[in-house]
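Engineer: Sequence:
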Amino acid sequence: MSHEDLTQQAIEALLAAIESRDLRKVESALHPDAVWQNVPHAPATGRESVMQMLAGIICWSDRVQWDVLSASVRGDTGWYERLDRFWIDGAEYAVPCNGVFRIDPVTRTVCSLRDYVDLGEWRRSVAPVMTRLTDRSPAEVVSHHLDAVTGGDSVAMAADYAYDALLQRGDERHEGWVAIVNYFDIVPARLAARVIAFGSIEAVSADQVRVGWHISGMGMAPVTGADIFTVSMGRITHQLTEL
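In terms of numbering that gives the first Met the number 0, the sequence shown opens at residue 0 and continues consecutively.
No lab work stands behind these hints, which were simulated from the structure alone.
Keeping only pairs whose Cα atoms sit at most 20 Å apart, straight-line, the calculated DMTMM-like set for lysine to aspartate or glutamate is: (1) K24 / D163; (2) K24 / D103; (3) K24 / D152; (4) K24 / D66.
Just so it is clear, the structure is predicted and the values come from calculations on it, not from any experiment.
Based on the sequences and whatever the hints tell you, model everything.
Structural biologist: Rendered as structure tokens:
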């Protein structure tokens with residue numbers, strides 16, 4: 000495989016990771032010191048900052064598709080003309096981008112991206128739906144999350160959690176989006192051959208709701224508990240499971 004082939008492979012691994020909406024895959028495709036700049040604005044510096052920036056849009060997207068319109072690769076650098084498409088709350092939003100990617104030759108991960116994009120146009124387009132999602136009540140946010148739980152997709156289950164959220168379940172502490180989605184990966188296996196029924200969503204305070212639940216299944220004793228969710232700006236920041 001040529002040098003250019005390896006560069007293209009690393010760039011397209013990042014694009015595929017973004018399309019998956021799974022921040023764990025994004026993390027694997029980025030160098031720890033990655034820098035992402037939407038020119039001429041200030042860059043996000045460091046992998047954590049880049050992931051947090053991307054989480055703001057891809058976690059609330061039901062689908063992401065970045066169409067590559069043209070590409071050229073030389074050495075460790077790739078030039079990609081794209082149409083970045085996001086499906087959010089039932090509608091599609093798209094923005095043309097021209098990205099200059101640079102690859103770290105040792106780790107074969109993306110270490111730098113300069114994206115040339117009309118952020119003003121993009122923000123005007125997407126602002127209404129982002130405001131609507133941000134302004135959701137705690138009950139609306141949690142209802143959307145519970146629908147995802149019944150669907151069994153761990154990435155969808157984690158979609159409404161803040162990047163730095165905390166999930167507590169007994170003695171378990173799952174801190175941050177990545178740890179939370181890792182926990183949700185095992186939920187389908189835990190619920191195999193079992194039925195979970197959620198109670199009503201009850202307000203605890205202006206930013207908290209409580210949901211009781213009951214798990215039953217053949218050959219097992221029923222399990223009953225409740226979750227208390229804290230919600231801020233349309234995202235779950237804390238979940239406490241009472242067993």
